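J.: Sequence:
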Amino acid sequence: AKGLTIGMRFHSAPVVRLADAKPVQLGHAARADGAWRLYAFADGSGEKLRALMMFLAESNRSPVKRYTPAGANIDSVIDVRAIFQQCHRDLKVEELPLMLLPRKGKFGLIDYEKAFTPDVKNGPDIFVLRGVDRAKGALVIVRPDQYVANVLPLDAHHELADFFGRFLIDQA
Numbered sequence: 113a114k115g116l117t118i119g120m121r122f123h124s125a126p127v128v129r130l131a132d133a134k135p136v137q138l139g140h141a142a143r144a145d146g147a148w149r150l151y152a153f154a155d156g157s158g159e160k161l162r163a164l165m166m167f168l169a170e171s172n173r174s175p176v177k178r179y180t181p182a183g184a185n186i187d188s189v190i191d192v193r194a195i196f197q198q199c200h201r202d203l204k205v206e207e208l209p210l211m212l213l214p215r216k217g218k219f220g221l222i223d224y225e226k227a228f229t230p231d232v233k234n235g236p237d238i239f240v241l242r243g244v245d246r247a248k249g250a251l252v253i254v255r256p257d258q259y260v261a262n263v264l265p266l267d268a269h270h271e272l273a274d275f276f277g278r279f280l281i282d283q284a
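Using my numbering, the letters of the sequence shown map in sequence onto residues 113 to 284.
No wet-lab data here; the hints were simulated from the structure. Just so it is clear, the structure is predicted and the values come from calculations on it, not from any experiment. One should not assume that every hint holds.
Claimed, not checked - Computed cross-link-like contacts, BS3-like style, restricted to lysine-lysine with a CA-CA straight-line distance of at most 30 Å:
1. Lys-248 to Lys-114
2. Lys-248 to Lys-204
3. Lys-216 to Lys-134
4. Lys-218 to Lys-134
5. Lys-134 to Lys-248
6. Lys-216 to Lys-177
7. Lys-216 to Lys-204
8. Lys-134 to Lys-233
9. Lys-233 to Lys-204
Please take these sequences and the hints and turn them into a complete structure.
T.: Okay, here's the thing in structure tokens:
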């Protein structure tokens, strides 16, 4: 992701929220809640993205599982979001990995605001804007203050776990 520099602000870009096809700014989708953000830019086949989502949901090394306190929303410490390459009409919400459809809150309602697609109608393609290689994709770690902390390949599961392991406290 040549358009993203570690230590620089994660600038917003136009995207389409998959669940309702609403054009939004990706940077504005995040709340000021103290959570870290993982923005996963999908690879061409989508296989690396799916493997990442499976790692985050199921692995004992998953930073999401290790550092989220019991009883807290799954995205309270590390908020995972994905940007797919396809048009929103070509994807089905019900086929998304469960990590992108978390159940939250007292009533376990599904959060549909985790998956996005490029908005080429209202602005430049976010993959082009951020210099993300469409074949490989990228994983962008954004600090709670909206600055880029690291940019990793989608399959860098160990590096992702090690990154958060340096400063977060195990909750599991």
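J.: Now look at each hint and say whether the structure bears it out.
T.: Consistency of the hints with the structure:
1. Lys-248 to Lys-114: holds, 13 Å
2. Lys-248 to Lys-204: holds, 22 Å
3. Lys-216 to Lys-134: holds, 21 Å
4. Lys-218 to Lys-134: Within the cut-off at roughly 26 Å; holds.
5. Lys-134 to Lys-248: The hint holds at about 26 Å.
6. Lys-216 to Lys-177: holds, 15 Å
7. Lys-216 to Lys-204: holds, 21 Å
8. Lys-134 to Lys-233: holds, 12 Å
9. Lys-233 to Lys-204: Roughly 20 Å between the alpha carbons, so the hint for Lys-233 and Lys-204 holds.
Hint compliance for this structure: no hint is broken.
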